[in-house]
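Undergrad: In case you want the letters, here they are:
Number of protein chains: 6
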Amino acid sequence: MPVISITLLPGYGSATEQRLVQRVSRTARSVIAAPAAGTTVFVTHASTYQRGENAVSGGGPAVPDASELVRTFLGLMQARDLAGAARHLAADFVMHFPGSAPMQRLEQLLDWAKPRYRSIAKTYERFDECWGEDGTVVYCFGSLHGVWLDGSPFQGIRFIDRFHITGGLIVRQDVWNDLAEARPTPS
Amino acid sequence: MPVISITLLPGYGSATEQRLVQRVSRTARSVIAAPAAGTTVFVTHASTYQRGENAVSGGGPAVPDASELVRTFLGLMQARDLAGAARHLAADFVMHFPGSAPMQRLEQLLDWAKPRYRSIAKTYERFDECWGEDGTVVYCFGSLHGVWLDGSPFQGIRFIDRFHITGGLIVRQDVWNDLAEARPTPS
Amino acid sequence: MPVISITLLPGYGSATEQRLVQRVSRTARSVIAAPAAGTTVFVTHASTYQRGENAVSGGGPAVPDASELVRTFLGLMQARDLAGAARHLAADFVMHFPGSAPMQRLEQLLDWAKPRYRSIAKTYERFDECWGEDGTVVYCFGSLHGVWLDGSPFQGIRFIDRFHITGGLIVRQDVWNDLAEARPTPS
Amino acid sequence: MPVISITLLPGYGSATEQRLVQRVSRTARSVIAAPAAGTTVFVTHASTYQRGENAVSGGGPAVPDASELVRTFLGLMQARDLAGAARHLAADFVMHFPGSAPMQRLEQLLDWAKPRYRSIAKTYERFDECWGEDGTVVYCFGSLHGVWLDGSPFQGIRFIDRFHITGGLIVRQDVWNDLAEARPTPS
Amino acid sequence: MPVISITLLPGYGSATEQRLVQRVSRTARSVIAAPAAGTTVFVTHASTYQRGENAVSGGGPAVPDASELVRTFLGLMQARDLAGAARHLAADFVMHFPGSAPMQRLEQLLDWAKPRYRSIAKTYERFDECWGEDGTVVYCFGSLHGVWLDGSPFQGIRFIDRFHITGGLIVRQDVWNDLAEARPTPS
Amino acid sequence: MPVISITLLPGYGSATEQRLVQRVSRTARSVIAAPAAGTTVFVTHASTYQRGENAVSGGGPAVPDASELVRTFLGLMQARDLAGAARHLAADFVMHFPGSAPMQRLEQLLDWAKPRYRSIAKTYERFDECWGEDGTVVYCFGSLHGVWLDGSPFQGIRFIDRFHITGGLIVRQDVWNDLAEARPTPS
Numbered sequence: 000m001p002v003i004s005i006t007l008l009p010g011y012g013s014a015t016e017q018r019l020v021q022r023v024s025r026t027a028r029s030v031i032a033a034p035a036a037g038t039t040v041f042v043t044h045a046s047t048y049q050r051g052e053n054a055v056s057g058g059g060p061a062v063p064d065a066s067e068l069v070r071t072f073l074g075l076m077q078a079r080d081l082a083g084a085a086r087h088l089a090a091d092f093v094m095h096f097p098g099s100a101p102m103q104r105l106e107q108l109l110d111w112a113k114p115r116y117r118s119i120a121k122t123y124e125r126f127d128e129c130w131g132e133d134g135t136v137v138y139c140f141g142s143l144h145g146v147w148l149d150g151s152p153f154q155g156i157r158f159i160d161r162f163h164i165t166g167g168l169i170v171r172q173d174v175w176n177d178l179a180e181a182r183p184t185p186s
Numbered sequence: 000m001p002v003i004s005i006t007l008l009p010g011y012g013s014a015t016e017q018r019l020v021q022r023v024s025r026t027a028r029s030v031i032a033a034p035a036a037g038t039t040v041f042v043t044h045a046s047t048y049q050r051g052e053n054a055v056s057g058g059g060p061a062v063p064d065a066s067e068l069v070r071t072f073l074g075l076m077q078a079r080d081l082a083g084a085a086r087h088l089a090a091d092f093v094m095h096f097p098g099s100a101p102m103q104r105l106e107q108l109l110d111w112a113k114p115r116y117r118s119i120a121k122t123y124e125r126f127d128e129c130w131g132e133d134g135t136v137v138y139c140f141g142s143l144h145g146v147w148l149d150g151s152p153f154q155g156i157r158f159i160d161r162f163h164i165t166g167g168l169i170v171r172q173d174v175w176n177d178l179a180e181a182r183p184t185p186s
Numbered sequence: 000m001p002v003i004s005i006t007l008l009p010g011y012g013s014a015t016e017q018r019l020v021q022r023v024s025r026t027a028r029s030v031i032a033a034p035a036a037g038t039t040v041f042v043t044h045a046s047t048y049q050r051g052e053n054a055v056s057g058g059g060p061a062v063p064d065a066s067e068l069v070r071t072f073l074g075l076m077q078a079r080d081l082a083g084a085a086r087h088l089a090a091d092f093v094m095h096f097p098g099s100a101p102m103q104r105l106e107q108l109l110d111w112a113k114p115r116y117r118s119i120a121k122t123y124e125r126f127d128e129c130w131g132e133d134g135t136v137v138y139c140f141g142s143l144h145g146v147w148l149d150g151s152p153f154q155g156i157r158f159i160d161r162f163h164i165t166g167g168l169i170v171r172q173d174v175w176n177d178l179a180e181a182r183p184t185p186s
Numbered sequence: 000m001p002v003i004s005i006t007l008l009p010g011y012g013s014a015t016e017q018r019l020v021q022r023v024s025r026t027a028r029s030v031i032a033a034p035a036a037g038t039t040v041f042v043t044h045a046s047t048y049q050r051g052e053n054a055v056s057g058g059g060p061a062v063p064d065a066s067e068l069v070r071t072f073l074g075l076m077q078a079r080d081l082a083g084a085a086r087h088l089a090a091d092f093v094m095h096f097p098g099s100a101p102m103q104r105l106e107q108l109l110d111w112a113k114p115r116y117r118s119i120a121k122t123y124e125r126f127d128e129c130w131g132e133d134g135t136v137v138y139c140f141g142s143l144h145g146v147w148l149d150g151s152p153f154q155g156i157r158f159i160d161r162f163h164i165t166g167g168l169i170v171r172q173d174v175w176n177d178l179a180e181a182r183p184t185p186s
Numbered sequence: 000m001p002v003i004s005i006t007l008l009p010g011y012g013s014a015t016e017q018r019l020v021q022r023v024s025r026t027a028r029s030v031i032a033a034p035a036a037g038t039t040v041f042v043t044h045a046s047t048y049q050r051g052e053n054a055v056s057g058g059g060p061a062v063p064d065a066s067e068l069v070r071t072f073l074g075l076m077q078a079r080d081l082a083g084a085a086r087h088l089a090a091d092f093v094m095h096f097p098g099s100a101p102m103q104r105l106e107q108l109l110d111w112a113k114p115r116y117r118s119i120a121k122t123y124e125r126f127d128e129c130w131g132e133d134g135t136v137v138y139c140f141g142s143l144h145g146v147w148l149d150g151s152p153f154q155g156i157r158f159i160d161r162f163h164i165t166g167g168l169i170v171r172q173d174v175w176n177d178l179a180e181a182r183p184t185p186s
Numbered sequence: 000m001p002v003i004s005i006t007l008l009p010g011y012g013s014a015t016e017q018r019l020v021q022r023v024s025r026t027a028r029s030v031i032a033a034p035a036a037g038t039t040v041f042v043t044h045a046s047t048y049q050r051g052e053n054a055v056s057g058g059g060p061a062v063p064d065a066s067e068l069v070r071t072f073l074g075l076m077q078a079r080d081l082a083g084a085a086r087h088l089a090a091d092f093v094m095h096f097p098g099s100a101p102m103q104r105l106e107q108l109l110d111w112a113k114p115r116y117r118s119i120a121k122t123y124e125r126f127d128e129c130w131g132e133d134g135t136v137v138y139c140f141g142s143l144h145g146v147w148l149d150g151s152p153f154q155g156i157r158f159i160d161r162f163h164i165t166g167g168l169i170v171r172q173d174v175w176n177d178l179a180e181a182r183p184t185p186s
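As you go down the protein sequences, you meet chains A, B, C, D, E and F in turn. For the record, in the first sequence the residue sitting at position 97 is 96 according to numbering that gives the first Met the number 0, with numbers rising by one throughout. For the record, in the second sequence the residue sitting at position 33 is 32 according to numbering that gives the first Met the number 0, with numbers rising by one throughout. For the record, in the third sequence the residue sitting at position 62 is 61 according to numbering that gives the first Met the number 0, with numbers rising by one throughout. For the record, in the fourth sequence the residue sitting at position 178 is 177 according to numbering that gives the first Met the number 0, with numbers rising by one throughout. For the record, in the fifth sequence the residue sitting at position 112 is 111 according to numbering that gives the first Met the number 0, with numbers rising by one throughout. For the record, in the sixth sequence the residue sitting at position 8 is 7 according to numbering that gives the first Met the number 0, with numbers rising by one throughout.
Keep in mind the hints are simulated off the structure, nothing from the lab. C-beta: ideal position from N, C-alpha, C; glycine also. Do not take every clue at face value.
Stated by the list, open to error - Cβ pair distances, simulated, as ranges:
{"no.": "1", "chain 1": "A", "residue 1": "G12", "chain 2": "B", "residue 2": "P152", "range": "54 to 62 Å"}
{"no.": "2", "chain 1": "E", "residue 1": "P34", "chain 2": "F", "residue 2": "P152", "range": "24 to 32 Å"}
{"no.": "3", "chain 1": "F", "residue 1": "P152", "chain 2": "E", "residue 2": "R104", "range": "42 to 50 Å"}
{"no.": "4", "chain 1": "C", "residue 1": "G167", "chain 2": "E", "residue 2": "R86", "range": "49 to 57 Å"}
{"no.": "5", "chain 1": "F", "residue 1": "L81", "chain 2": "E", "residue 2": "Q107", "range": "49 to 57 Å"}
{"no.": "6", "chain 1": "D", "residue 1": "N53", "chain 2": "C", "residue 2": "G167", "range": "32 to 40 Å"}
{"no.": "7", "chain 1": "F", "residue 1": "A82", "chain 2": "C", "residue 2": "G51", "range": "27 to 35 Å"}
{"no.": "8", "chain 1": "E", "residue 1": "A14", "chain 2": "F", "residue 2": "G57", "range": "43 to 51 Å"}
Said to hold, decoys possible - Heads up, incomplete: computed chain C residues facing chain F, CB under 7 Å, no partners named:
{"no.": "9", "residue": "Q49"}
{"no.": "10", "residue": "G51"}
{"no.": "11", "residue": "A54"}
What the hints assert, rightly or not - Which stretches of chain F does chain A cover? Using the computed rule of at least three CB atoms under 8 Å from a CB of chain A, they are:
{"no.": "12", "stretch": "32-46"}
{"no.": "13", "stretch": "49-58"}
Please put together the full structure from these sequences, using the hints given.
TA: Now the structure itself:
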């Protein structure tokens, strides 16, 4: 065991339902030490459903995949398409970067980067997702490589990004990295 | 909807079952945009269960709460009870700290800290948990305060810790912080 | 709670299933003091079903809505379409009206009315349905208005009708009203 | 079919659960023309339940049987225990009797009866219950017997009572009968 | 898949429920080519159950294990405890043995054996059970060993017994064997 | 009770599902003494299913009906279509007949028959199926009729065949009959 039966109204695609059973299986095993092979999860469809005084005609929409959203945002940022990236931000978006006050606009990030490096790119080791009451948090971490202001290259510098997503938009980004540990001491 | 029915063998405590229904409710809502009030999760007990050729007499044990494990570990580290803290580490434990090679033993952490600060403590803003195929990842972040090597105090320095837990033991810790951004330039 | 799962063979229309979940929700709340929002009812479809020695190929038909049947009957009576109204009566139909022996035929009603009023019509306040082992009982009540035999008008005279319906036909009608209370004393 | 599974938190007595399965069986058969023998209803217990953000520790209480409440009230009225009967009335209770304005207090009923009969009692033919969104309605009907003001006896006079019950209290009583049809004409 | 949920009233022992889930798992796999590890069967308990017009207070009894019954009967026969063995026979019991008319009483078997062998015993290779609409059929087969009438021993002679069991009693026994193939030709 | 819910992935035909519910109903009644009319079995479809780490896209295939397979095989043998019959045999097929060593090939059967009878045919009384962990066993029994070597006819000679089927092929056939009991003594 456990055996988990999920009853949904029809209309969600197969990919959404597979995401659901996979996540619920993992979640159950975070509480009960059952092997994956002993954890059964399935979706069945209700044809009619009522909660409250009236029958409900359709379920809530599928939630966009938060990690995909973050990958899209990071790709747009990497391509310096700030306008495209900004379309994924909530109105009250805020970001925290090392050694800086909270920033609200992506353009501020360019000012933050200017005294730090000439160019930068990320290699991702892993994405983690946390499913919470107030939205989904996506973590990704890995290493940075790029070129310092003095033209010398760097690589293998650790970083981690945290994105808090609610209603399909990023409301907060937190970034930590070892750039300050690693940057060449101005001589 | 959704309506989620979880069938378990009896014997898990009420706290474990509540943890399970709460997590499964959140997880479902990470995929389907249902309100919490429209997401019904319940546990029923099977009296007899068979998968494979023989009836199963009992379910797997409850998994210890990963965030609690991390809080306990962090408390022991804060109290410099390295022996106590080490009891929560897997045999192949490894930790990554800013500006250092991977470390296997907690004692190495003292060497890492020595050239960086005289004392340090953490204020936690939030814990996040990610329930994955290969264990649970706990993130906690917040701010550091303490005393630099020159005796001057510091506070409000951002940090984040990542703990990967499998089988009730920490297999990996990753730490990022802004200490290098913030530390006084040796003059 | 409660969570109520109804398994049906497919083929009932959406309106029938909605009637079913709505009625079952109400019925459950007549026994358990759960709020409507905390009472979940849904229909799922069985693709194959067996009770007894053989698989069943189809479910019983939907039962016609008893209140609708009564409204139709009352409309036909109001329009003095006795033949049309009689098509909704069972072979052993009987009706009880104030101050009269039981009547079997709708025509007898005209004789009953003749010494009482010149014309009459009903305003309905509410319909109630009782779902019983031996069929459904429909009550409707409200007020009568019309013209007395002496040509003076009346209105606001209370009435109640009770209809017992089995197998889609009315087997019994009982009528009470305040006509006798209210009618002009012959001077 | 249908097969109806009702999941409840434990703690309701056996009588309450039997009332529930019996009523739900009847209700289902008011919509689907299934034989009683082909209508399966059962209660299973959830050990843990969550709707909304937190696990629920107990279900709503059992609703008192509305027909029993009405029988109790009618017995107290028959015994002229007006104080006892009044304990079953809601604060905004109102009753409608033939040939009278709406009354709020049981004492008013004595004034209503005074010019009508010396004594009265009821023989019940049947109780009907309607399970609605706004409470349960109980109907009972049968015949009245008693003594007219002139000392002559009467019997077999039809009556019907309607009681609307919400939250375990009677909020409205409506009474119809044939007393006016039947009473001796003052000579 | 399949996932099979069996709802029972409580009160059956654990052994009965294990017999049930094991048999149902096998039966499902006789129709669907699912691996045993992918076939999930579990029992949950209903606290209240209604089919027909009234709630049911208890389930039918557990059926005695038919193979056990046959083993017991065969043991008693082997020990020539005919009275004990006869207690497991239905009133209309009949048995068919090679080269004999149908027999109703176990004593007739002694007459059948007399011209055939001096003594005999069975070695069982396997028991098979068939679960049918009209009871359970138990087959057992293996080899016979014993002593011929002329005092010479025999062994390895194939046999098969078929027992039809209804209501906990054997209603029919059919026996086939190779005794006639193997017996010494009278010279 | 019992009420048995079988959840399958869609795609099995109606005949397969009916076979499944009928067999499961019988099997349940081999353990619980419930009447057929009180044993409810139904199939519902899962739209998505996961056991182990990944969602499963389709169920195992339907298992061919073992009794049908045996009837087909017996028909081909009766028609002496040995090649056709052999297509239903597993590579390690073995058969045991009275008075013979185990045989692997159907042709050996002709040699076995030659000294026994000139022709033979079967009348079947009944087929039984046993659903086991290692495949399905089919028994059929009845009577043989044919012509002895001396040209005289025979009939009413009891026989039983046992077929063990795994993976849609016959792995073993065992035959017992009373031919030796009945055959004319060579004079």
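Undergrad: For each hint, tell me whether it holds in the structure or not.
TA: Cross-check of the supplied hints:
1. G12(A) with P152(B): 54 to 62 Å: Cβ of G12(A) to Cβ of P152(B): about 56 Å, so the range 54 to 62 Å holds.
2. P34(E) with P152(F): 24 to 32 Å: At 50 Å between Cβs, range violated.
3. P152(F) with R104(E): 42 to 50 Å: With a Cβ separation near 33 Å, P152(F) and R104(E) fall outside 42 to 50 Å, so the hint is violated.
4. G167(C) with R86(E): 49 to 57 Å: Since the Cβ atoms of G167(C) and R86(E) sit about 56 Å apart, the hinted range of 49 to 57 Å holds.
5. L81(F) with Q107(E): 49 to 57 Å: violated, 42 Å
6. N53(D) with G167(C): 32 to 40 Å: violated, 47 Å
7. A82(F) with G51(C): 27 to 35 Å: violated, 43 Å
8. A14(E) with G57(F): 43 to 51 Å: violated, 36 Å
9. Q49: At 4 Å from the nearest chain F Cβ, Q49(C) passes the 7 Å test, so the hint holds.
10. G51: holds, 5 Å
11. A54: holds, 4 Å
12. 32-46: holds (count 4)
13. 49-58: Answer holds; 6 residues pass the 8 Å Cβ test.
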